[in-house]
Amino acid sequence: MSFDVNEYYSRLKGGDVLMAFKGNISSELISNVLEVVEARMDEYNESSKIRKKVYNVLVESLQNLYHHIETLPEEMQEEFDTKFGILVVSRIEEKYRISTGNFISPDKVDILRTKIDKVNSMGKEELKDMYKFILNHQRLSEKGGGGLGLVDIARKTGNDMEYTFEKYNEDYYFFNLDVYVDMAQGTEQN
Amino acid sequence: MEPLSIEGTAKTPTVKFNGHEGVIEIKGRSIPENSIEFYKPLVEWLEEYSKTPLDLTQVNVQLEYFNTSSSKCILDVFKKLEAIHKGSNEVIINWYYEEDDEDMLEAGEDYESIIRVPFKMIEIVE
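Those protein sequence lines, which keep their order, are chains D and Y. Going by the numbering used here, the letters in the first sequence line up with residues 1 to 190, in that order. Going by the numbering used here, the letters in the second sequence line up with residues 1 to 126, in that order.
Please keep in mind that the hints were generated in silico from the structure rather than gathered at the bench. Among the clues, some could well be false.
Listed next, the stretches of chain D that the computed footprint assigns to chain Y, with coverage defined by at least 3 CB atoms under 8 Å from CB atoms of chain Y [to be verified]: (1) 5 to 13; (2) 24 to 34; (3) 49 to 61; (4) 168 to 180.
Non-contacting residues of chain D with respect to chain Y, defined by C-beta distances greater than 10 Å in every case (computed) [stated by the list, open to error]: (5) 17; (6) 92; (7) 104.
Positions of the beta carbon are idealized from the N, C-alpha and C atoms, including for glycine.
All chains should be modelled from the sequences, with the hints used to inform the complete structure.
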């Protein structure tokens, strides 16, 4: 049986949700999401430090989606948008959770898993060195940040990224990435 | 040469490059999906300016947010400034960051360690 994307989306929407979206990931959508989440954090009177961290991590997560999302084949377009992605921002146990989900081709699963595991295993200084190395030595690709996104997320959150790859059909896996920002570091509310 | 002036948007910064005063400013948010496109005219302007720069070029960078895609383009801008500095003209980069924004301070220090131009870290206190 293939992975149930809608069921998964419903499950993510449990808890204190600031924003939930599934559908076409476009530049306009990213602008709208950022605006909504910024306003919601204002309502929560979140400290500027946490607000900035969440915003930064959200930008990177969304733009990772935007740049790497697969154009789905026609037979899947009945159920999903062409550039289908999922985004849910919620508050869970003193943390902001940013969840993204998208289809990826099977050949990318191992590459992505290896990359996330590597970034997760690195400490603060190692991440800083890696960030600076990529910044200074790798050309910016047409697609975006040239691999800086995940390193930046890890540096800013200080938390491990959690992920799953669920088989959808012969051609696609559904990739889910959860990123956490601690609320504790900004307890000095302003 | 003609000054470069770009109005800021929700995703791109306000840009004011003035060759007569030797003052270069980038302010606001830099989070476009396609940063190469946005930064291209900035790098080109600096390329031209670097042919006859003033004795002192002052650079003010005051960003609230920038994405990783912009970070490489900002490095390209700084590399142009580094070339001017190497040509024995004075260049100073003032890197502004908001109080408590350690991530932005750290980002400035990352650039400072890569680019051979004097940096000044300036905290904005509300």
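Tested hints:
no., hint, verdict
1, 5 to 13, "violated (count 0)"
2, 24 to 34, "holds (count 4)"
3, 49 to 61, "holds (count 7)"
4, 168 to 180, "violated (count 0)"
5, 17, "23 Å, holds"
6, 92, "22 Å, holds"
7, 104, "19 Å, holds"
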